[in-house]
Each structure stands twice: as structure tokens, then as C-alpha cells.
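Asks: What follows is the residue order along each chain.
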Amino acid sequence: MKPQNLIALLLFIVGAVWALTRSEQSVRSIQKTYYSAISPFLKGGSGIETKASEFIKEAEHSQEWEAKYKLAKEELDKKRMEVAHLRKLELENARLSQALKFQQKAPFRVLAAKIIRRQPSTWWRTVTIDRGEKQDVGVQLPVLSPEGLVGKVDAPSENTSTVILLTDEKCQVSAKVDGTPEVGIVSGQRGLAGDSPSLRLRFLSKDAKIKAGMLVFTTGRGGLFPPDILLGTIKTFESGPLYGEALVKPAVDFAALHTVFVKIPKSPDSP
Amino acid sequence: MVQQFLPAISGLYGAHVLILPLVFLCCSVSVNFATMLLLAFICGFLWDAQHALGPQGGYPEIYADPVESLRFGYSIILYAMMGLLMQGIQPLFRKGKWHTSSILAGIAIFFYLFSEYLLINLVRGDFSFPPTAFYRIYLTSALTMLFSPLIFWLIFQLASACHHTIRYDGLKKEARYLD
Numbered sequence: 001m002k003p004q005n006l007i008a009l010l011l012f013i014v015g016a017v018w019a020l021t022r023s024e025q026s027v028r029s030i031q032k033t034y035y036s037a038i039s040p041f042l043k044g045g046s047g048i049e050t051k052a053s054e055f056i057k058e059a060e061h062s063q064e065w066e067a068k069y070k071l072a073k074e075e076l077d078k079k080r081m082e083v084a085h086l087r088k089l090e091l092e093n094a095r096l097s098q099a100l101k102f103q104q105k106a107p108f109r110v111l112a113a114k115i116i117r118r119q120p121s122t123w124w125r126t127v128t129i130d131r132g133e134k135q136d137v138g139v140q141l142p143v144l145s146p147e148g149l150v151g152k153v154d155a156p157s158e159n160t161s162t163v164i165l166l167t168d169e170k171c172q173v174s175a176k177v178d179g180t181p182e183v184g185i186v187s188g189q190r191g192l193a194g195d196s197p198s199l200r201l202r203f204l205s206k207d208a209k210i211k212a213g214m215l216v217f218t219t220g221r222g223g224l225f226p227p228d229i230l231l232g233t234i235k236t237f238e239s240g241p242l243y244g245e246a247l248v249k250p251a252v253d254f255a256a257l258h259t260v261f262v263k264i265p266k267s268p269d270s271p
Numbered sequence: 001m002v003q004q005f006l007p008a009i010s011g012l013y014g015a016h017v018l019i020l021p022l023v024f025l026c027c028s029v030s031v032n033f034a035t036m037l038l039l040a041f042i043c044g045f046l047w048d049a050q051h052a053l054g055p056q057g058g059y060p061e062i063y064a065d066p067v068e069s070l071r072f073g074y075s076i077i078l079y080a081m082m083g084l085l086m087q088g089i090q091p092l093f094r095k096g097k098w099h100t101s102s103i104l105a106g107i108a109i110f111f112y113l114f115s116e117y118l119l120i121n122l123v124r125g126d127f128s129f130p131p132t133a134f135y136r137i138y139l140t141s142a143l144t145m146l147f148s149p150l151i152f153w154l155i156f157q158l159a160s161a162c163h164h165t166i167r168y169d170g171l172k173k174e175a176r177y178l179d
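Keeping their order, the protein sequence lines are chains A and B.
Note that our numbering has the first sequence beginning at 1, numbered continuously upward.
Note that our numbering has the second sequence beginning at 1, numbered continuously upward.
Please keep in mind that the hints were generated in silico from the structure rather than gathered at the bench.
On a predicted model such as this, the values are computed, not experimentally measured, just so you know.
Do not rely on the hints blindly, as some may be mistaken.
[To be verified] So the derived label-pair ranges between C-beta atoms look like this: (1) B:D65 x A:G179: 45 to 55 Å; (2) B:I107 x A:A255: 23 to 33 Å; (3) A:L215 x B:A64: 19 to 29 Å; (4) B:D65 x A:N5: 38 to 48 Å.
[As the list claims (entries may be wrong)] SDA-like mimics (lysine to any residue), calculated; alpha carbons at most 25 Å apart, straight line: (5) A:K101 x A:L111; (6) A:K2 x B:T35; (7) A:K114 x B:G11; (8) A:K249 x B:T35; (9) A:K235 x B:T35.
[As the list claims (entries may be wrong)] Negatives, chain A to chain B, calculated, CB over 12 Å: (10) V83; (11) D136; (12) F237.
We put the CB at the ideal spot given by N, CA and C, even for glycine.
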């Protein structure tokens, strides 16, 4: 081996050992710096992405109407286009109204956030939202939607935050099965594909009387999530030698999520 | 930056196009050993800065069985291993057989993802390898490999714009197809 290659290899080993021995705090600090640096691009890119998808939708829409254009008058088409646009606005309005109602009804303080990036990594199920520490978003805060629990904040930076979804194996939630005394831990499953794969509910009693269709809620124990937030419905239950395990269909349609709500802790001066 | 806007394709088992590893692999076949190690360090560091997950949190008495994550910095080692694989076929690349490098880039991505998944299983225990995980690894490698000619072309354009000559014996006409 050439001397310069040997020196390069030694320097590389020193660098790799340095990186591998970083404490949790330094890793968080590195990530915060990294995300603060890229967040303007993320937000800008998200805007471009939205415009591009709107453009594609418009293009698809135009093609669809092209065939009808030959048959109908130009004025009629214009009216139809207007109606289509109004319907889109109506849908958006309904979605925003639902979000607003949730924000008003929630028994705790929530902050609405828009998803600006979905599942950027191969194995972790995460999304990025457009709210960060500047808007009081902190690490481990629960993220909700009107349908149920979405996940929790994993790495907040200044203006954006990474949210680990309920469908990830690392997002564990203390859960209870409605109508039974059963409690367990809900988490995602490793290596599964799809937008909303089933969740695992572990550590149930092996002789638990659990049936398909029963609702699963958060217990509020564990210090991470508020109680009585819907997680999903039981699909199947299997009794093991020590514990019972159930598969749970998530309440949230993760593919259709656009707006989420971060539960913000109450400030000391608030009533 | 481009990598930020390439989400998973849910119709293809959540497969991605991994631009950063691909750029690293295409560069690592065209640079010397020391530069490859430097690139492996930078790319692995950035990759982990973007993807590393934090601790479980919550009360340990409730979450008594926390799910472990891979240590920050593991990607640096994996990138270096992929880079070493690419360096092995550098003589072929220098003879102009860039297509071999393209195929090997796909194979290297496959081994990278496979090793990553095995490492996850190792630290978390309870070994599981569902077919969907294999399809995701396979499709991600295949999709990424398709982009490698484009990256090679960009590297050559960049080298020519910077008046840098990649030792590229394939430009010589003699005996190009006889090796």
C-alpha cells in the first residue's frame, strides 16, 4: 500500500471512530445544524412540488376535457372548468374546516403543521413538517390528526421537524383495547411496505378476549402521548406462550395526510 | 438537495432512487483511494445527519423494551465498503467499460441496503426478513442503477468543464473492444 493511502486510511478510521462515538446530544446538535441549513430548500422545494403536482393535475384534467370539448361549446367548457375548480376549492375548504374544528375542539393546545416531505429514508417511516423550535415544537411531542395518532416529533430544527410515524417500529405507544382491561405496546412492523401497514399490539394477556373490530386507544401512561387518542382497530389476535399479540389497522390514512397537529405543552402563564 | 425530493414509491414496495449513494459510487470509481475515503466520510456523515433517529423517550417502566437504532456514523463504514468494491473495478472503468461500473453500482447499492437491514436486525433482535423488504432492496437497487449512466455523464461533463482529465483509456481507439 502506498504511504499516502495508508495515511488516508488511518485518517478515515480516526474520523469514523470520532463519528461513531458522538453522544446523543452532539448527534442532535449535528442534525439541528444540518436541518437548519437545508430547511429553506425543503420549504422552497415543497412549494415547487405542490405547484408541479397541481400543474400535472391540471394537465390531466385538461386532457380529460379535451374529448368533450369537441362536442360542447367553448362557453360550456369554461363553466365546467370553473365548477371543477370550485369543487377543488370546496374539498380544500372542507379539509381545512375539519382541521380547524379539530384545532378548536382539542382539549389541549395544538399547532397545525403541513407535511412538506414524506418518507425520505429506506427503512425509517418519517415525514417532515413545516414547524420547528421557533413555533415551540419540541422533541417527543405527540403528532395527531382528526382521525387519530400520527406519531411523535423526533428531531425538531429551527423551522422544520422530523416526525416518526406510528407505523415505524421505533415509535412505541402504550395502548389499551376499548371495552377490555387489556393494555400493551403498539408499534410498527419492520420491513413492511405500503402506506398504512398493520401495527403490532404486544404484551397482551395470552387469554385476552379480544375480537376483530375492537378499538385501540392510547392509555396516557408512559409520559409521551395523551390518553384516549384513537390508534386503530383490531384485525386479528393471536395467543402466544407468554403473551398475546394483535394486529391493528391504523386509524389514520398516512397516504392521505396533508395537515397534522402537534400537541404543544401549555406555557406556564396560560390559564 | 435532489435526494430530499425523491420520496418512496409506494407502488414499488416503498423503493427509492438513492441519488447520494449513486453519486458517491460513480465518483469513487473515478478517483483515487484517498479521495474515495474522504467522499465516503462526507457522504456517510451527511446521510446519517439526515436519517439518524433519536432515542425512544418516555418512562422506562412503561417502555421497558426500547427499540434500538443504528449508531450515528455507521453509514460512513458502509459507504467506504461500497467505495472499495467500486475501486476494485477501476481498471475496467479506465479501459472505458463504464457500463460494468453501472451494473456494479446497482450491486453495491443492493449490498449496502442488505447490510443496513441486517444491521437493524442485529441491533434490534427478533430477526425478520419479510419478502417486502427484499423487494424494496431489489427495486431500490434496480431503480438507482438505471440512473447511473446519467451520473457518469454528469461527472464527465463536470470534469471537462473543470479541465480535469479522468484517466480514461477508453478514449484511445486501439484495442478498445479486444480487452
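Asks: I'd like to know which numbered hints this structure contradicts. Please list them from smallest to largest.
Replies: Structure breaks hints 1, 8 and 9.
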